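Q: For the sequence shown, the numbering used here puts the final residue at 601, and the numbers step up evenly by one.
Heads up, a few of these hints could be off.
Stated by the list, open to error - Below 25 Å or equal to it, Euclidean Cα-Cα: the simulated PhoX-like pairs (lysine-lysine) are: (1) Lys258 / Lys185; (2) Lys447 / Lys250; (3) Lys250 / Lys395; (4) Lys258 / Lys447; (5) Lys258 / Lys173; (6) Lys198 / Lys276; (7) Lys185 / Lys276; (8) Lys250 / Lys198; (9) Lys371 / Lys258; (10) Lys447 / Lys401; (11) Lys371 / Lys250; (12) Lys185 / Lys173; (13) Lys401 / Lys422.
Claimed, not checked - For each label pair, taking beta carbons as the anchor points, the in silico distance ranges come out as: (14) Pro179 / Asp369: 48 to 56 Å; (15) Gly382 / Arg581: 49 to 57 Å; (16) Met527 / Ala547: 26 to 34 Å; (17) Ala326 / Ala547: 37 to 45 Å; (18) Thr269 / Thr543: 25 to 33 Å; (19) Arg274 / Gly386: 38 to 46 Å.
Everything labelled a hint here was simulated from the structure, so no lab data went into it. Values in this document were obtained by computation on a predicted structure and should not be read as measured data. We put the beta carbon where it would ideally sit given N, CA and C, even for glycine.
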Amino acid sequence: MPPSVADNFIMLKPQSAWPDPSRDKVELVNSMQAAVLKVPGNNYEFTQPIQMRFNELLSGVRSDVAVKVFGDDMETMNSTAMEIAEVLEKVPGAADVKVEQITGLPMMTIQIDREKTARLGVNVGDVQEAIAIAVGGREAGVLFQGDRRFDIIVRLPERLRNDMAAMELLPIHLPMDEAGGQSRRAYLQLGDVATFDVAPGPNQISREDGKRRVVVTVNVRGRDIGSFVAEAEQKIQQRVKVPVGYWTTWGGTFEQLQSAAKRLQIVVPVALLLVFMLLFAMFNNVKDGLLVFTGVPFALTGGILALWLRDIPLSISAGVGFIALSGVAVLNGLVMIACIRSLREEGRSLDVAIHEGALTRLRPVLMTALVASLGFIPMAIATGTGAEVQRPLATVVIGGILSSTALTLLVLPILYRLAHRKDEEEDGSEDASSKPKVQQA
């Protein structure tokens with residue numbers, strides 16, 4: 161962390177103890193942000209402590225999204241980063257947009273005049289050594305306390321180190337002068353052979369994979385990170401011209417979102433394939449396995465509709481909810497199809513078996529759906545810590561269970577009738593052929 165950055169923690173009282181309990185945390189953060197913006201010269205970013213540390217450990221930045229500018233020249237990278245920040249501020253959902261501060265740290269520069277030192281016979285190394293001792297210190301001895309030892313460092317006090325007038329009076333010894341058979345040492349002041357200046361210097365130089373970088377950070381509020389990055393990336397490509405030899409990458413939480421999405425692209429098909437294989441192993445019939453598997457698209461329809469009604473973006477937690485939902489949706493169809501097959505084996509006709517099976521399994525299917533849905537309601541309406549992860553998952557499961565249950569009870573019997581009507585015709589023809597023929601005399 162550079163010397164110009166500090167973390168301040170604000171401990172909030174319970175919301176019931178606020179002067180206006182009807183205000184939520186977002187409104188409180190917006191009002192605090194409007195208040196601190198009146199203080200010039202500072203940049204502020206509001207976040208949760210655990211979220212900030214988590215983002216920093218994962219991606220090296222503290223915000224939701226980061227645009228990293230790589231190159232060689234710090235001024236060129238900083239100017240490019242400022243252009244990117246101006247574009248990001250105009251993207252809907254952007255908050256706390258700021259450029260990593262790489263300059264602005266006051267630094268005292270001491271420029272030694274080599275011509276004067278040469279005329280006076282002073283070694284430049286001696287001048288540098290005197291400055292180093294005055295500012296950085298030099299070991300003058302060792303202090304022992306029992307079995308512990310401490311180095312004794314001697315240097316100027318801080319008030320003199322920060323005072324250019326005092327530093328100009330720093331004595332620099334001249335070569336020994338042997339006059340009148342006696343040796344004496346003469347001194348000159350540091351200000352006689354050096355000039356002082358205080359100018360802004362580099363605040364920090366960050367590197368990643370061995371290359372210098374400048375980071376533009378932004379938090380996303382009121383929309384999903386994926387759509388924000390897609391829109392921001394398009395606008396940056398249109399309005400910001402990155403110099404030759406410089407390039408940009410995206411980081412922050414979005415980087416983890418991309419890696420998680422790639423893993424889900426493998427996990428979801430594998431999970432669905434395993435579900436179908438288990439169904440085939442149970443029924444030993446591809447047709448019935450596919451009929452039960454139709455509960456999955458029924459459930460996906462309800463989950464997507466529930467997300468749309470609640471205006472919740474598709475996220476990683478929602479994807480995990482879809483995986484869990486596929487198992488519950490298949491269970492409802494499995495219960496009904498197994499009952500219908502059992503009735504068919506007992507000798508009932510196709511229509512009778514479907515009618516009795518649907519009525520018999522109506523109560524178990526409804527009880528399973530209601531128990532699962534009611535259990536996820538607290539997560540769906542959560543507002544505390546972790547609610548941003550719980551709400552999408554619970555919303556997907558509740559919406560998917562309701563839709564899959566309704567469609568399983570109404571549509572699945574019809575699909576079973578359509579898929580097995582030929583079996584009934586074959587059974588009817590076999591029965592007719594097995595009856596003995598009666599001839600009349």
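Q: For each hint given before, does the structure comply? Return the numbers of the non-compliant ones in rising order.
A: 2, 4, 5, 6, 7, 10, 11, 13, 17, 18 and 19
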